[in-house]
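A.B. asks: Chains as they are written, first to last, in the working numbering: chain P, 19 to 130; chain W, 8 to 121.
Treat the hints as calculated values from the structure; they're not laboratory data. Just to be clear, a hint being listed does not mean it is correct.
In silico SDA-like cross-links for lysine to any residue, where the CA-CA straight-line distance does not exceed 20 Å [claimed, not checked]: (1) P:K60 - W:L46; (2) W:K22 - W:V120; (3) P:K86 - P:G59; (4) P:K60 - W:A61; (5) P:K60 - W:G47; (6) P:K60 - W:S94; (7) P:K60 - W:R117; (8) P:K86 - P:I68; (9) P:K60 - W:S73; (10) P:K60 - W:D25; (11) W:K18 - P:G59; (12) P:K60 - W:P114; (13) P:K60 - P:R125; (14) P:K74 - W:E108; (15) W:K22 - W:E108; (16) P:K74 - P:A47; (17) P:K60 - W:G10; (18) W:K64 - P:K74; (19) P:K74 - W:G47; (20) P:K60 - W:D31; (21) P:K60 - W:V19; (22) P:K60 - W:R29; (23) W:K18 - W:T109; (24) P:K60 - W:S69; (25) P:K60 - W:L119; (26) W:K18 - W:L119; (27) W:K22 - W:T85; (28) P:K60 - P:K86; (29) W:K24 - W:G58; (30) P:K60 - W:N17; (31) P:K86 - P:M72; (32) P:K60 - W:K64; (33) P:K60 - W:K24.
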Amino acid sequence: GESVGLHLPTLSVQEGDNSIINCAYSNSASDYFIWYKQESGKGPQFIIDIRSNMDKRQGQRVTVLLNKTVKHLSLQIAATQPGDSAVYFCAERGNYGQNFVFGPGTRLSVLP
Amino acid sequence: GAGVSQSPSNKVTEKGKDVELRCDPISGHTALYWYRQSLGQGLEFLIYFQGNSAPDKSGLPSDRFSAERTGGSVSTLTIQRTQQEDSAVYLCASSLAGTKETQYFGPGTRLLVL
């Protein structure tokens, strides 16, 4: 069956550095991907999305890259700040219109 | 409020009791989802409502779990005869229309079954 997983369960970065969070997915038919941020005690918060007809999308301090050839998704956070500390989830949706499948999450810790 | 709201925020119950969890989606959102998140785990899909269509219940783990959505807005997730393994955070999300749209999540209900 389809699955979404993350290469690194935890990531620690220095404040001001760039962060890269990776995600592998197995369903080559997935056509839509989302990154969510979940702070402690809160629900997931939408960060950025990308459709399968794109390979890169930029937001404010965040960039999502999609490599369909190797079924890999990444989230890049520029100039990481303490407020970026959270668990980040990737999610995929198959093009058959089924519901999203979420990965287990990567915890990002920003060191002072 | 502009966001998805859920109540209660926390619920402690005894094994065997029934619980009801409530979700108020964003106004105008026709799609509503329930997920379960166990400690340190990802999101597990439970059920999906879209407008007046029959809900997608494919994620419900057992017949002790049920959900309804009245009037196309508020939804209630009911867990009957709760078990300790039901302890988790139950998250509700809504989207503008269908699974092609971004989901916006509520803060969740933390359920603890003793």
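A.B. asks: For every hint, state whether the structure bears it out.
C.D. replies: Now for the hints, and whether the structure bears them out:
1. Restraint check for K60 (chain P) and L46 (chain W): the C-alpha separation of about 13 Å stays at or below 20 Å, so the hint holds.
2. Using a Cα cut-off of 20 Å, the hinted pair K22 (chain W) and V120 (chain W) holds, with the two alpha carbons roughly 6 Å apart.
3. About 33 Å separates the Cα atoms of K86 (chain P) and G59 (chain P), which puts this hinted pair outside 20 Å; it is violated.
4. The hinted pair formed by K60 (chain P) and A61 (chain W) fails the criterion: a straight-line CA distance of about 29 Å is larger than 20 Å.
5. A C-alpha spacing of about 13 Å is found between K60 (chain P) and G47 (chain W), which places the hinted pair at or below 20 Å, so the restraint holds.
6. Distance restraint check for K60 (chain P) and S94 (chain W): the Cα-Cα separation of roughly 17 Å lies within the 20 Å cut-off, and the hinted pair is therefore satisfied.
7. Distance hint between K60 (chain P) and R117 (chain W) is fulfilled; the C-alpha atoms sit about 10 Å from each other, no more than 20 Å.
8. Among the hinted pairs, K86 (chain P) with I68 (chain P) is consistent with the structure: their alpha-carbon atoms are about 12 Å apart, no more than 20 Å.
9. A hinted pair counts as satisfied when its Cα atoms are at most 20 Å apart, and K60 (chain P) with S73 (chain W) does not qualify at roughly 24 Å.
10. The hinted pair formed by K60 (chain P) and D25 (chain W) fails the criterion: a straight-line CA distance of about 24 Å is larger than 20 Å.
11. Distance hint between K18 (chain W) and G59 (chain P) is fulfilled; the C-alpha atoms sit about 14 Å from each other, no more than 20 Å.
12. For the hint linking K60 (chain P) to P114 (chain W), the alpha-carbon distance of about 5 Å falls within 20 Å, and the restraint holds.
13. Annotation: proposed proximity of K60 (chain P) to R125 (chain P) holds, straight-line Cα distance about 14 Å (limit 20 Å).
14. For the proposed pair K74 (chain P) and E108 (chain W), the alpha carbon gap of about 19 Å is at most 20 Å, so the pair holds.
15. For the given pair, K22 (chain W) sits about 37 Å from E108 (chain W) by alpha-carbon distance, which is inconsistent with the 20 Å threshold.
16. For the suggested pair K74 (chain P) and A47 (chain P), the alpha carbons sit about 18 Å apart, so the restraint of at most 20 Å is met.
17. The hinted pair formed by K60 (chain P) and G10 (chain W) meets the criterion: a straight-line CA distance of about 12 Å does not exceed 20 Å.
18. For the given pair, K64 (chain W) sits about 34 Å from K74 (chain P) by alpha-carbon distance, which is inconsistent with the 20 Å threshold.
19. A distance of roughly 29 Å separates the Cα atoms of K74 (chain P) and G47 (chain W); the hinted pair therefore is violated under the 20 Å criterion.
20. A hinted pair counts as satisfied when its Cα atoms are at most 20 Å apart, and K60 (chain P) with D31 (chain W) qualifies at roughly 16 Å.
21. Annotation: proposed proximity of K60 (chain P) to V19 (chain W) holds, straight-line Cα distance about 18 Å (limit 20 Å).
22. For the given pair, K60 (chain P) sits about 16 Å from R29 (chain W) by alpha-carbon distance, which is consistent with the 20 Å threshold.
23. Our distance criterion of 20 Å between C-alpha atoms is broken by K18 (chain W) and T109 (chain W), whose separation comes to about 28 Å.
24. Distance check on the hinted pair: K60 (chain P) and S69 (chain W) sit about 26 Å apart at the alpha-carbon level, beyond 20 Å; violated.
25. Under the criterion of a C-alpha separation no larger than 20 Å, the hint pairing K60 (chain P) with L119 (chain W) is consistent with the structure, at around 17 Å.
26. A distance of roughly 6 Å separates the Cα atoms of K18 (chain W) and L119 (chain W); the hinted pair therefore holds under the 20 Å criterion.
27. Between K22 (chain W) and T85 (chain W), the direct Cα distance comes to roughly 14 Å. Compliance with the 20 Å bound is thereby established for this hinted pair.
28. For the hint linking K60 (chain P) to K86 (chain P), the alpha-carbon distance of about 31 Å lies beyond 20 Å, and the restraint is violated.
29. In summary, the hint linking K24 (chain W) to G58 (chain W) is not supported, as the alpha carbons are separated by about 31 Å, beyond the 20 Å threshold.
30. For the given pair, K60 (chain P) sits about 12 Å from N17 (chain W) by alpha-carbon distance, which is consistent with the 20 Å threshold.
31. The straight-line distance between the Cα atoms of K86 (chain P) and M72 (chain P) is roughly 9 Å, inside the 20 Å bound, and the hint therefore holds.
32. This hinted pair does not check out: K60 (chain P) and K64 (chain W) have alpha carbons roughly 25 Å apart, beyond 20 Å.
33. Between K60 (chain P) and K24 (chain W) the CA atoms are separated by roughly 26 Å; this puts the pair beyond 20 Å, and the hint is violated.
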